[in-house]
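As they're listed, the protein sequences go chains E and B.
Position one of the first sequence corresponds to residue 1 (the working numbering), numbered consecutively onward.
Position one of the second sequence corresponds to residue 1 (the working numbering), numbered consecutively onward.
Treat the hints as calculated values from the structure; they're not laboratory data.
Check the hints yourself; a few may be wrong.
The list cannot tell twin chains apart, which means a pair is met if one copy fits it or any two copies do.
To be verified - Only pairs whose alpha carbons sit at most 25 Å apart, straight line, appear in this in silico SDA-like list of lysine to any residue: (1) Lys-572 <-> Glu-484; (2) Lys-336 <-> Ala-454; (3) Lys-572 <-> Asp-292; (4) Lys-165 <-> Asn-321; (5) Lys-412 <-> Thr-137; (6) Lys-310 <-> Lys-362; (7) Lys-336 <-> Ala-457; (8) Lys-172 <-> Asp-535.
Read off the chains here:
There are 2 protein chains.
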Amino acid sequence: MRHLFRCLVLLALTVAAVPARAQLQGEYPGLETGKMWTFDVPPLDYWAKRYDFRPAKDWLDHVRLSAVRYGTGCSASFVSPNGLVMTNHHCARSCIESVTKPGEDFLSDGFYAKTREEERACQGLFLDQLQQITDVTPRVMKSIEGAKAEAAGKLRSDAIAAIEKECQGDAKDRACQVVTFYRGGQYKLYTFHRYSDVRLVMAPEAQIAFFGGDPDNFTFPRHDIDMSFVRAYENGQPASTPHHFTWSPAGTKEGDLTFIIGNPGSTGRLNSMSQLQYLRDVSYPSQMKALDRRIETLEAYMQADTVKGKAYRNTLFSLQNTRKAIGGYQTGLLDKELMTHKAQWEKEFIAKVNADPALKAKYGRAWGQIATVQDSLAKTAVRRRYEQFQTDGGRLLPIGSLFARYPSEMAKPDDERLPAFKEANRKQTEAIMTGGQPMDVALETANLATYLEAMAAELPATHPVRKAALGGRTPAEAAKYLVENSVLTDPAKRKALFEAGNEAINASKDPFIQLARVIDPLERNNAKFIQRQLDAETAASEKVARALLAVFGNGVSPDATFSLRISDGQVKRYPLNGTYAPAYTTIAGLYDRSQSFGGAGPWALPKRWQERKPKLDDTTPLDVATTSDIIGGNSGSPVVNRDAQVVGLVFDGNMEMLPNRFLFTEKAARSVFVDSRAIIEALRKVYDADALADELQGVKAAAMN
Amino acid sequence: MRHLFRCLVLLALTVAAVPARAQLQGEYPGLETGKMWTFDVPPLDYWAKRYDFRPAKDWLDHVRLSAVRYGTGCSASFVSPNGLVMTNHHCARSCIESVTKPGEDFLSDGFYAKTREEERACQGLFLDQLQQITDVTPRVMKSIEGAKAEAAGKLRSDAIAAIEKECQGDAKDRACQVVTFYRGGQYKLYTFHRYSDVRLVMAPEAQIAFFGGDPDNFTFPRHDIDMSFVRAYENGQPASTPHHFTWSPAGTKEGDLTFIIGNPGSTGRLNSMSQLQYLRDVSYPSQMKALDRRIETLEAYMQADTVKGKAYRNTLFSLQNTRKAIGGYQTGLLDKELMTHKAQWEKEFIAKVNADPALKAKYGRAWGQIATVQDSLAKTAVRRRYEQFQTDGGRLLPIGSLFARYPSEMAKPDDERLPAFKEANRKQTEAIMTGGQPMDVALETANLATYLEAMAAELPATHPVRKAALGGRTPAEAAKYLVENSVLTDPAKRKALFEAGNEAINASKDPFIQLARVIDPLERNNAKFIQRQLDAETAASEKVARALLAVFGNGVSPDATFSLRISDGQVKRYPLNGTYAPAYTTIAGLYDRSQSFGGAGPWALPKRWQERKPKLDDTTPLDVATTSDIIGGNSGSPVVNRDAQVVGLVFDGNMEMLPNRFLFTEKAARSVFVDSRAIIEALRKVYDADALADELQGVKAAAMN
């Protein structure tokens with residue numbers, strides 16, 4: 001899960017959006033778009049039919065108020081009446097870093113505040129508890145009535161800002177957000193109670209929280225205890241949180257119903273076929289090729305220089321992890337059964353729209369409009385790939401572009417500048433231009449060479465970027481020439497150039513600055529082109545969304561938008577590589593996996609876990625697989641049973657879940673959570689954190705009654 | 001591994017054979033056809049280059065004489081000077097059954113002879129120790145000189161029988177076998193010392209030897225202790241076996257060189273492209289469809305009737321296991337990279353043949369001839385699928401065919417009858433006709449219905465078998481009609497019909513007997529047709545084999561033929577489903593996997609393993625993955641290090657090894673063996689078999705010195 005969210009951001013542009021998708025859940029037709037239900041439209045009949053469970057309003061309110069959104073990217077929950085909050089270690093990472101003082105290393109050693117006085121305030125962290133959901137669709141829709149596609153964007157965001165501002169008023173402990181559903185089919189105002197004083201209570205060693213590292217990320221069977229605890233304070237006191245999840249005394253067994261309550265970040269399940277095809281045929285193949293190039297180059301470098309190479313191990317793991325994620329999405333798009341089903345569903349959906357003259361008139365052309373956008377994007381994709389600065393060709397061209405643009409951008413008024421050069425970002429940009437470590441010339445040259453090779457294979461010989469970059473040389477020669485003749489590899493020389501002033505920069509013949517000057521106007525044109533396409537796509541997508549609601553109602557779950565959802569599922573084994581992955585791992589499996597790899601690398605165990613092994617009950621369930629539906633943003637979500645008791649803590653999905661970004665199935669896709677029993681076992685027997693375990697299990701509270 | 005060999009037999013016909021294949025081992029071109037080296041042509045230069053290891057003749061002789069072939073399907077080795085032999089539990093299964101007396105259940109409980117007196121003689125078991133290899137190619141070749149393809153088969157087998165008979169003489173403790181290499185390119189006489197008095201020493205519970213059952217079969221990470229021990233006796237005394245493998249004191253670590261010595265059963269790596277394409281496009285898809293039909297039908301049946309369904313759990317696992325194996329072979333054939341490489345290699349091979357006028361004249365047309373055979377087989381494949389009795393349509397048609405044929409076959413002289421009706425097999429056939437349990441009518445009907453559905457989809461409406469089977473009904477109706485109107489479901493009624501005599505049988509209007517009468521002549525014609533195709537294929541394959549030897553020499557490893565081979569490799573992790581499978585599992589992993597599945601089904605642990613858990617060192621390596629090259633028949637092979645010391649006991653390969661049947665790679669394909677350290681840990685701490693462990697580790701021998 002850790003990297004899911006990062007990938008989401010990367011993909012946000014390409015994942016744009018739209019309508020409806022279909023799946024193998026014939027028995028429960030509502031599942032065509034997955035199970036990320038909103039609290040204002042809970043699927044009570046579906047739950048009753050499938051699990052014989054029909055929660056009352058009280059249950060839903062309690063569950064909603066016990067969950068919190070954690071900062072800007074994670075989920076969490078209250079787990080005691082005194083503001084105690086459970087989330088993932090990887091969510092709390094920046095909090096942990098922010099409370100670390102010189103001489104301390106809580107990431108390596110872990111942290112535990114034995115008393116409340118020892119709890120340390122996290123910098124900049126807030127928790128949002130969802131109080132109210134109000135439908136503001138008519139007001140938002142009205143704001144763009146009759147507007148053209150290119151004007152609608154601004155009108156809509158102005159209307160949304162006004163609604164949010166009205167809601168916010170002067171309240172400091174309130175947060176207001178208009179959330180988009182169905183890609184513009186609905187807009188809802190989410191009003192939160194915001195907790196801004198949040199303090200760190202407990203975090204284990206990063207090594208056990210991210211055991212197996214990037215290799216094991218997205219996989220199952222898994223062996224992580226990716227937990228941490230913080231506490232919400234109000235008026236300097238632990239917040240009173242009557243709505244919180246109590247701890248399950250028994251945990252789950254295979255087959256048990258699980259609910260995951262959290263904030264899934266982004267899915268593309270309402271994408272139309274043409275959008276999926278664009279991703280499958282244009283966007284992902286090119287991203288994967290670029291990643292493969294970088295991975296291959298880095299591996300060769302690391303083999304050639306094993307000493308220097310060691311420093312790049314994490315970079316390599318991280319690249320492989322991103323490659324794994326995109327490969328996983330692509331697996332779904334390449335699955336003939338899934339795509340055929342989706343195509344059939346879309347065909348039937350369009351037929352229903354066209355069968356109703358009113359709907360046909362309003363929405364009938366939307367799919368064609370979306371397809372036209374994909375077509376325009378596809379036709380220009382190869383060229384645009386090289387008419388930009390953020391490439392896989394190394395760090396020199398992006399830095400060159402900052403120099404090429406700096407003098408002219410700085411001459412403009414602030415609101416006309418490109419984002420990097422606005423006053424708000426200027427310091428950071430200048431730091432990039434003038435700072436950092438000297439570059440690894442060999443690695444920069446190698447990365448650039450493979451990039452130029454790809455360029456030579458894909459761009460026509462007449463293309464100005466190719467001409468400027470290669471200058472008649474072979475890709476390998478050109479890479480060597482460019483890097484050798486650039487001052488940008490050396491931060492001291494870069495700083496000198498910067499300090500020499502704009503005239504000197506404009507006069508610079510540095511090859512990367514010169515190349516950037518060639519790309520600059522092309523990149524600006526492309527940016528405008530892309531914006532036009534996105535505007536057109538958004539407008540058409542809204543039509544498809546409204547058609548969806550007109551045809552199916554809002555019984556289908558909307559795409560994820562980092563807003564609070566509740567997702568049902570069951571603890572369940574699944575087929576894996578010829579056999580079954582069990583629904584559970586146990587603590588014995590943690591030791592097995594570490595021993596299997598000689599206790600080395602990402603599979604090393606923290607010292608405390610080595611020493612305490614004899615004390616632990618190694619039959620304790622550790623990580624669990626369930627069919628509840630999540631995606632990046634759900635990190636830290638509680639897993640609860642029908643009695644709203646905590647049975648676990650979500651931290652990842654398996655490989656087989658990656659295709660669910662676009663095409664939902666339950667066949668082998670699983671959410672992965674830390675078992676509540678492992679949390680208690682670890683707190684009591686590894687971390688000597690009985691007070692915290694007692695607070696979770698309500699032991700003291702019981703004694704005080 | 002357990003089921004690999006079973007599948008080999010099933011596939012023997014389709015795997016026919018021929019020439020040369022190619023692979024990704026650019027660095028070691030000899031590896032194009034894998035690493036199943038014979039002892040008369042050890043790849044000394046390759047071993048020296050790759051591992052800096054060049055064994056002397058003594059080493060090779062010692063290793064060869066320490067290994068034995070176990071019965072007719074397994075491998076084994078001497079592991080003490082006193083005739084002690086190590087093999088797999090699944091190899092010793094029939095021995096174990098043969099020594100079991102009423103009231104005993106050694107498969108469930110395990111067996112251990114504390115003293116030699118308690119060792120029990122296995123029925124019909126023998127061990128063959130390879131003494132000598134003699135090239136008899138010229139003599140075999142001479143026997144078929146100038147003969148036509150259809151006559152060559154008999155001439156060749158007569159010549160081989162004569163050679164074997166000469167070698168055998170009157171010796172009782174000798175076995176002689178002419179082994180075919182390179183699909184007829186070479187013939188070698190293998191002379192063995194045969195041990196015919198073999199007694200059971202130790203076998204653990206089947207549950208731990210086959211932990212994980214069919215689901216975990218062919219997979220890794222794995223957790224089996226698939227071992228057993230027998231002892232060779234001569235003249236009533238333990239055999240003196242100076243050539244035996246001693247026990248490694250340290251075992252392996254990742255990266256260590258391993259040799260596996262054993263008898264791989266059958267590979268098709270010398271198949272030509274047209275043969276692989278036939279398997280990929282015709283044979284396997286149809287086998288997989290048939291298996292899928294049976295699996296789907298059985299699963300539906302088991303879901304509909306969970307009580308009766310339980311009895312079919314093992315049948316389902318077994319079907320799934322076969323499906324897994326064939327799916328695995330097909331994965332390789334569908335791998336574009338592997339197949340492109342193979343095609344390129346064959347193209348270059350043919351070009352080399354054609355570049356030499358003498359070779360071209362002798363062998364140049366062979367590939368075309370093989371392709372013609374595949375073409376003939378492919379063109380008739382659909383029709384032939386339904387013009388036979390061994391189908392996936394249930395048990396009634398095969399039994400019907402015995403009744404349909406019985407009267408006319410019995411009227412013939414013995415040597416003209418079909419095999420099932422020869423005097424030697426007659427009793428067994430009659431038992432099938434008249435015995436067994438009453439059939440499960442619902443399941444028979446369901447299986448027949450899906451079979452008839454496939455028939456209706458594939459055969460033209462005019463085909464006599466379709467007309468006879470469906471009779472104008474829908475497949476479901478026809479299945480119901482046929483089963484309801486047949487007496488063959490009831491053994492008592494079958495017996496009555498049989499006992500009424502041939503006239504009554506010939507007069508029977510039983511629908512399955514009638515249907516069988518329609519198929520009978522078609523099936524006989526097909527059998528002749530197939531024999532002609534196989535004769536032609538064999539003749540052409542021999543030409544390709546001789547061309548291979550002429551062009552490449554015998555530095556490429558020949559296809560497996562259940563003859564003794566030695567295969568190098570290294571203990572090595574591999575990429576699996578987004579992360580790595582470790583090179584090792586440990587005993588902790590065994591307990592984890594059992595706990596993960598709630599200790600149920602194929603993952604239940606024997607009582608002894610539950611009780612002794614606290615005594616065991618759970619860091620002990622359990623099962624290991626190595627790149628040595630094996631296939632079914634290698635079961636029970638010893639794994640030894642450079643010092644010819646035992647480091648393990650082979651029992652299976654992983655899923656990724658299945659494609660190696662045709663297309664060899666080392667990328668993720670792994671042989672799986674029990675670690676020698678786990679064997680000792682289990683013998684001493686679970687089975688209280690210190691005497692046996694001492695014998696393996698040479699403890700007593702040392703004390704006696």
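Okay, the hints, checked on the actual structure:
| no. | hint | in the structure |
| --- | --- | --- |
| 1 | Lys-572 <-> Glu-484 | neither (57 Å within a copy, 40 Å between copies) |
| 2 | Lys-336 <-> Ala-454 | between (29 Å within a copy, 22 Å between copies) |
| 3 | Lys-572 <-> Asp-292 | between (34 Å within a copy, 23 Å between copies) |
| 4 | Lys-165 <-> Asn-321 | neither (40 Å within a copy, 63 Å between copies) |
| 5 | Lys-412 <-> Thr-137 | neither (38 Å within a copy, 88 Å between copies) |
| 6 | Lys-310 <-> Lys-362 | neither (59 Å within a copy, 56 Å between copies) |
| 7 | Lys-336 <-> Ala-457 | between (30 Å within a copy, 22 Å between copies) |
| 8 | Lys-172 <-> Asp-535 | neither (35 Å within a copy, 89 Å between copies) |
Taken one by one, the earlier hints fail for this structure at numbers 1, 4, 5, 6 and 8, listed in ascending order.
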